[in-house]
Every structure is written in structure tokens, then in C-alpha cells.
Amino acid sequence: MNFSEVFKLSSLLCKFSPDGKYLASCVQYRLVVRDVNTLQILQLYTCLDQIQHIEWSADSLFILCAMYKRGLVQVWSLEQPEWHCKIDEGSAGLVASCWSPDGRHILNTTEFHLRITVWSLCTKSVSYIKYPKACLQGITFTRDGRYMALAERRDCKDYVSIFVCSDWQLLRHFDTDTQDLTGIEWAPNGCVLAVWDTCLEYKILLYSLDGRLLSTYSAYEWSLGIKSVAWSPSSQFLAVGSYDGKVRILNHVTWKMITEFGHPAAINDPKIVVYKEAEKSPQLGLGCLSFPPPRAGAGPLPSSESKYNIPNAVWVWDIQKLRLFAVLEQLSPVRAFQWDPQQPRLAICTGGSRLYLWSPAGCMSVQVPGEGDFAVLSLCWHLSGDSMALLSKDHFCLCFLETEAVVGTACRQLGGHT
Amino acid sequence: MGDWMTVTDPGLSSESKTISQYTSETKMSPSSLYSQQVLCSSIPLSKNVHSFFSAFCTEDNIEQSISYLDQELTTFGFPSLYEESKGKETKRELNIVAVLNCMNELLVLQRKNLLAQENVETQNLKLGSDMDHLQSCYSKLKEQLETSRREMIGLQERDRQLQCKNRNLHQLLKNEKDEVQKLQNIIASRATQYNHDMKRKEREYNKLKERLHQLVMNKKDKKIAMDILNYVGRADGKRGSWRTGKTEASFFLRNEDEMYKILLNDYEYRQKQILMENAELKKVLQQMKKEMISLLSPQKKKPRERVDDSTGTVISDVEEDAGELSRESMWDLSCETVREQLTNSIRKQWRILKSHVEKLDNQVSKVHLEGFNDEDVISRQDHEQETEKLELEIQQCKEMIKTQQQLLQQLATAYDDDTTSLLRDCYLLEEKERLKEEWSLFKEQKKNFERERRSFTEAAIRLGLERKAFEEERASWLKQQFLNMTTFDHQNSENVKLFSAFSGSSDWDNLIVHSRQPQKKPHSVSNGSPVCMSKLTKSLPASPSTSDFCQTRSCISEHSSINVLNITAEEIKPNQVGGECTNQKWSVASRPGSQEGCYSGCSLSYTNSHVEKDDLP
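Residue numbers (the numbering used here), protein chains in the order written: chain D, 1 to 418; chain R, 1 to 617.
These aren't lab readings, by the way, just hints derived from the structure by calculation.
It is possible that part of the hints are untrue.
What the hints assert, rightly or not - In silico DSS-like links for lysine-lysine, alpha-carbon gap of 25 Å or less:
| # | chain 1 | residue 1 | chain 2 | residue 2 |
| --- | --- | --- | --- | --- |
| 1 | D | K256 | R | K272 |
| 2 | R | K201 | D | K130 |
| 3 | R | K272 | D | K321 |
| 4 | R | K199 | D | K130 |
Stated by the list, open to error - From the structure, some residues in chain R lie toward chain D, with a derived Cβ separation under 8 Å:
| # | residue |
| --- | --- |
| 5 | L212 |
| 6 | H213 |
| 7 | M226 |
As the list claims (entries may be wrong) - Under 8 Å between C-beta atoms, here's a sample of chain D residues computed to sit facing chain R:
| # | residue |
| --- | --- |
| 8 | S91 |
| 9 | V95 |
| 10 | R104 |
| 11 | C122 |
| 12 | C156 |
| 13 | Q169 |
| 14 | C191 |
| 15 | K393 |
| 16 | D394 |
C-beta: ideal position from N, C-alpha, C; glycine also.
From just these sequences and the hints, can you work out the full model?
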């Protein structure tokens, strides 16, 4: 395992291009694009203000830099450095900006969710979508980039509109049976849309692409409900994490629950491996933690899935066998974790100077080298799964993972407790 | 009561004794007997009373007393003391027998009375003691009653208090319930109000949004703009098209079409998957059924003898199923038609299997109970020992690993450079070894090669000899021909023609030879043919050597047409392999260049296969 030198970074803005060739990072108002292999600066763009959000277009030709404070979006081309594009939302303000899947349209959400403006880079046309709902996850694109689902709110009722991304035509418009819709998410195959209600009520609805209601699921009533929802990459399972500390897996045939994963305080099954991070001077008081509000997130791998519960622990379930597979207990709260895009390998960071890697074979932690403490706050995998970017508050570095046989001296095997 | 009885009993018995003594005394004294007879009274008699009674009858009043007694006795129902008078005037005489009878009866009566009196007295005593006992009981009970009455009063008091409390609690509960109801109502009303408010607020918010929208959007905000250098092409290379009213509908239709296509594809995909899964499951089911039948049918023949109705039907079922199985196509039918049959048969089979297994289990448990305990214990001990052993091993292994890890770490941290050099050394050593191996292989090859070469040279020498012989023969033949030429002229002309034809088509012949070589290959092998031949044929596919060979052939043919004739003739007849071989050897020997080519071919064949190399002489 090798580490690159440390580069400057601001507000954790560092992203690999979708084709895996480039790495874009932001330093204040400058956008730096590097080659992933050599890490040499290929382009350097200067924006008008501090950048608050960046996003690569799907074809890796353009980068969008949003400056919400100024209501500005600047777009840069990688092929033509002299090309520029600036979108000013003016007094309407800007709260969110994103690419359409074709990489030629930009969707800007104005302040107060008044409307969504669709700017085209190909033509002069500008489209407006009114009544977008101000919610956690109001826009979702299908994986093939053909359709967009948008949560709307008009006349105190929730609606979902499905647009065709090629010409921004409305394909379907239907109301949903929700009190206060919180999120929508397409299945990876683009045929089923999951819609879930506010956390006050446990309710998840599944709609077909043509707007038919396929199924409704509610695990219980009268209690805080859904916290997070994730599709399995095969569209076969839908994982729903809720405030009762459980993950429920729904199947795609009957949309009924297949299984339910709890987070028991004590794990008795000897098959389950529990990794406990242990310092040389062991800190006690780690064994029993209260149940603070869990943050849930499901992994994208077919074989396993993970979720925080105790913020210090990561739980990994095996979906093939439908059982708990491993639990990783960290000393400090987990800040971020991400699955390797290529193999069942999980990278975890806890805001310390260590990087934790888990795979079914075992678990290890790596000290990020360099002077001073490199507090890893976030991380993102490269497409190929053999490198990843580690982000701290104002620096980032790349970590190159070679073959598993080569383990540097910095690696320290964590003690496995069963 | 009992106690009392035992205490009083002796007293009673002594009393009765005195009484019996007394009676016996009275019996003994004749005076008392007399007095009893006279008085007929039931009063207990005493000795001094006797003198008093004697005053009743004196000498003077015998008659009177007798009559008085008679009167008295008749009134008591006794027979008269007097004899029955025969006449009215006659004085009645005292009947002694009657008197005695009366007296006896009176005595019996007296005794009876005495007995009765005794009984009465004892009863009286008993009753008195009973009475005492009962009185004490009574007093006790009275006390008890008193205490219980007091208790009852206390309890009643408590009950009253509790009831009071209960009433209070009920009241409280009612109040609470009311409160809850009230609160629920309040909550509900609040909720509705909240919802209402929310809606109102949202409406207001919407209105405000609308206002804002109008204000911000409609006033031509100069700032809302896109400043772009030049428009870029679309990702898919198409040009952006403007929508017009006419195209809108078609666009929409197209989108719909696409959407449905996508959905359809998805459903088709899923259906396919489900079908596949179904087919697999069916296969499994079928297999299971087959296995079940095969498992069950042989053993079911035995229970038939035991006259079992259920098994009899089962067998028929099994047979039926076997018949069904032959209709394999049935499985391809849709599930609905087959389902019932299938499930029924499977269920039946399963039941049979289950019963069978249960039977077996029972047997096993019986056997187990009978005499398996000792072994079981032993095996357990073995187990424990084994596990202990294994644990020890694990421990050792762990320690080993630990030490190894430590060593590794030490090596890695302290002697990083050394390790790399060491590693490199290791690699070099490995390489060296490999090279050595290769070298030995190579040497062997070389040896073989040498051997072959020797055989080749030998063959060449032989060839040379043969050639000489041939030359001589040819010379003789030419001589003969020369001699004949003068005599048969027309024959000679024909021969020449033949020669020219052969020489002209020599190239073509060579081509044929070339093409036939691979076909000949199996022949030569099967014959266990001479090595050189096989070698050559093998070398032929390797292009450079073969071409060389061909060239040599053609060269030879140009040299002397007779040689060519020989070769072609023999090669067309593959059975004469030996001769052919010598010919080829000869051709090889004749051209050193071609020999080289041949060698190279040989070496090629070497490298290609080792097995054939071993066949060499």
C-alpha cells in the first residue's frame, strides 16, 4: 500500500471522474484537475468565489462548480480549457445544482424550492419545473440516464413526476399516498421507484415506471419510521433501515419482507466475527455503548450490506445467507465508509489518522503517513478499486492499494475476537 | 369425652360391684325375701326396715292383711290368693300355691326393677358427666364465638374502609379516564388544528412562493442568464431539436412506447428468470421423486407380507407414479394441470418416507437403549482427548505464527534493505536452479541429437555404398541398353518419350508428394517404420525444411530423371517404406544444404515432443 503526497483541499471537495482518468479537487476558489496515475496537474480553473460543490458530467468532459452563496454555477471543459460557461440564477438564489445524466444539461434548484431550472449546454433552451418538493432526496435519475423522477408538492399533496431526460417531457404524473414524502429512489434496473414517507410514519411505496402502485409496505405504526433506503445492485432487494434499529429486506417479487436484521447488544453466534479496535493502552468503557440515533446506509454489494448502528460500529450482513457476517467496532465514531466498486472490500474512516479496510478475509488498519495528523474525514474509491482518495479537513492524498500480499510496515492486523 | 369416660369407668364398675354384693346379700337372707314378698315395694330395703315391716301383719290381723294383699294383688293383675269358692256362703280358703306363685313373680319383678334401677342410675351418671362435658364445651364455644364476633367486627370495619378507598379510587379512575378522554380529544383537535394550520401555512407558503416566483421570475431579471462561449454538441451526436406543437404528441407517443418497451423487457427478463428457476425446481422435484421411488419400492415389498392395507395402496401408488414418470412431457405442461397430481404424489411419498424414517429411528433408539452406552462413553472420552490434543496443537500453531510474525516484523522494520537483498538472492538462486534444470535438459537433448547424427552419418555411408552399387548396376544396364540399341530401334524411341514426360512433370509430382506426406504419416508410424522416414515426415510440416526438401528433390530431378522416377514411384507406393527411406537418405546425402534443412526440421521435432525422441535408436 502506497500513499501519495498530501495535496491541499477545501470543504472536502475531491472527486474522481466517472471514467477514472482524472481527479478534481477544490482549493478555495480554484479547481484543480489531476491525472490519476501521475497526479500531475492537467488543468487549473479559477472560479469567481469559493466553490461549494463540484460534479463531473457523466462523460467526464465537463465539471460543474457551484457557488451557492453567489447563486452561480460555472462549468469547465476538460477538452477545451478556454471554453467557459457561467450560469447565474440571480435573485432567485441557488440551493442545489446537478448534472443530468447526458452531461449536457444542468439542473439548478432555486432557493425555497421555487422551481428547478434546466439549462442546456447544447441549445439556448431553458426549461422550468415548478413545485419541486423540498426534501431529502427529491430528484433521482435512472441508472441508464433515461428517466428522472421528481418529488413535487402542490396543494398540500405529494406528487411524483417522471420526466424523459432526452427532451424533458413529462411522462407520468401521479400523486402518492404519503403524508410528507421524504425520498424517492429508482431501482437500478430503472423500472421500480421506491417512495418513502416522513420519519413520523413507517411507509414505503413502490411504483412502476408507468405510475402504477405496485406495493405498499409498513412494518409498524405509531412510531418513528424509515431512516434510510437502499436498493441492491441487482434490484432484487430493497433494504429499509428504520428508527427501531432494524434493517428490513424486501424482495422484488412480492415486495414483502424477507428478513429482518436487528442490532443485538450482545452477539452470541460464534460464526460472526467481531473486530474490536484495540490500542496498545486499551481504553475501557467501549464494550457497552448506548443506542444513539443510528445512521443507516446500505452497501452496494450483492453479497453484503452494512449499516451503522452504534456510531462506532459497522455491521456487515451477508445477503446470500441472510445473516450477520461481521461487526467492526471502532474506537471513535465512524465518519464514512464505502464499498470497493470491484470486490467485497469496505473502507472505513473514523476521523482519525487511520484507514480501516475490511474484507471477508480479515480486517486491517493503516496509518496514513505524513507529518502531522492526517484526520481522515471522508474517502472515495477509484472506479478500478485499486486506489482511493482520503480527505481530511484541508488536505487529501491518494492511497494506492496493490496486491494484498504486499502489506507495508504500517499495516497492523487488528485482533479478531469471536 | 373419651378422657372423661376412662376416668369415670372404674368408679362405675366398683359401684356395680357393690350393687351385686348387695343383691346377693338380699338373696341370702330369708327375712328380706319375706318382707319383699309382703310389701311388694320397690323401695330399697335395709336391715332395720325389716323390723318395721313386721308390724304390718300381726297375729291378729292375718285375715285382714291377707285380704288386703289379695285386693292389692288383684288390682295389680295377679291371680287371687284365695281358692275359688264353690259357693257363695263358703269362706274362701287361702291358696298357698297362688301365694307362692305371686311371691315368685313379685321377686322376679323386684329383680327386674332393681336391674332397671341400676341401669337408670348408671345412665344418670353418664348423662351427668356428658352434661358436664357439654357445659365445658359450651363455655369454650361461647368464648370462641365471642372472639370471632370481635374479629368479625374488626374485619367488617376494614372492609368498610377498603370499600371506601375503592370508591375513592374508582372515582379517581373515572376522573383520570375523563382526563385522558379530554386530553385525547385535545390531541385530536390539536392534530386536526395542526394539520389545518399546516395546510393553511403551506397554502400561504405556496402563495408566497407564487408571489416570489412572479416577482423574481417575471420581472425580467437580467441577472438570470447563462453566459456560454459556444454551445457544445450533444453527447449522442444528435442535434437539439425544437419541439413544436405538432411533434409534441408524437414525441409523447414515442416516449410512451419506449417506456413500455423498457417495462416489457424487464418483465420478460423476470419471467425468463422465473421460468428458469421453475425448471430447475421441477428438475429437482423430479429427481427427488425418482429417488424416493427407488428408495421406497424395494423395501415396501416386505411389509406387504405383513398384511398392511396402507402399504398395499402405497405400492399401487408407487407403480402409478412410475408410470407417470415415463411421461416426461408432463413436466413441460403448465403447473396448474399437473400441480395437484404432483403435490399429492409427492406428499404420499413423503409420508411413506417419514413413517419409514420414524420406524428406523425407533429401531435405532431401541438398539441404542439396549447396549450402546458403554461405547458412547468411550467415544466421548475419545472426543475429549481429541479436542484437547487439537487445542494444544492450535495453541502451538498460534505461538509459531506469533513468533513468525514477530520475526517478520523485525526483519521488515530493522533490516528492510537486507531482506530485499536476501529476497533477491533467493530469487537468483531459484533462477539458477531453474537454469540448471534447463541446462541438463538441453544436454540430454544434445546427446540424443548426437546419437541421431551418428545414425544419420551411418545411413549416409550405407547410402554411398548402395549408390556405388547402383552406379555399377546402371553402368551395366546402360551397357546392355547400348548393346540392345543397335538391335531394337523403335523400342528406344518409346523409352525416351517416357523419360521426357516424367522430367517435364517433375515439379508437379513433387507437389503431389508434398501434399501426400501428412497422409502417409500414420502409415509409417503403424508400420513401426524406420526412424529416418518418420523423422522426415515429421519435419515436413515445418515449412522451411520441407520447402528445402522439395527444392532438393527438384534439383535432383533435374540432375537425373531416373532418380526422380525412383522416388516418385516409391512414394506413391507407401508400403515399400524401407526402400523409400534409403532413397530419401540418399537425396539428403547428395545435397549438403538440404541436409541442414533436414536437421533443422529434426531439431524442431525435438523441441516439439519428447516422447518421439525416446523412440529413436
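Hints, verified against the model:
Simply put, D/K256 and R/K272 have alpha-carbon atoms about 21 Å apart, close enough for the 25 Å limit, and the pair holds. For the hint linking R/K201 to D/K130, the alpha-carbon distance of about 19 Å falls within 25 Å, and the restraint holds. Restraint check for R/K272 and D/K321: satisfied, since their Cα atoms lie roughly 24 Å apart, inside the 25 Å limit. Restraint check for R/K199 and D/K130: satisfied, since their Cα atoms lie roughly 19 Å apart, inside the 25 Å limit.
At its closest, the beta carbon of R/L212 sits 6 Å from a beta carbon of chain D; the interface hint therefore holds under the 8 Å criterion. Checking R/H213 against chain D: minimum C-beta separation of about 5 Å stays under 8 Å; hint holds. A distance limit of 8 Å between C-beta atoms decides the matter here; for R/M226 the minimum to chain D is near 5 Å, and the interface restraint holds. This hint holds: D/S91 has a C-beta 5 Å from the nearest C-beta of chain R, less than the 8 Å allowed.
Checking D/V95 against chain R: minimum C-beta separation of about 14 Å lies over 8 Å; hint violated. With a cut of 8 Å, the hint placing D/R104 at the interface with chain R holds, because the nearest CB-to-CB distance is about 6 Å. The interface hint given for D/C122 is met, as the beta carbon of that residue sits about 5 Å from the closest beta carbon of chain R, less than 8 Å. Restraint check, D/C156 versus chain R: the minimum CB separation of about 5 Å is within 8 Å; hint holds.
The closest approach between the C-beta of D/Q169 and any C-beta of chain R is roughly 6 Å, which is under the 8 Å cut-off, so the hint is satisfied. A least Cβ separation of about 4 Å between D/C191 and chain R falls short of the 8 Å threshold, and the interface hint therefore holds. This hint is violated: D/K393 has a C-beta 31 Å from the nearest C-beta of chain R, more than the 8 Å allowed. Proximity of D/D394 to chain R is violated relative to the hint, the smallest CB-CB distance being about 31 Å (cut-off 8 Å).
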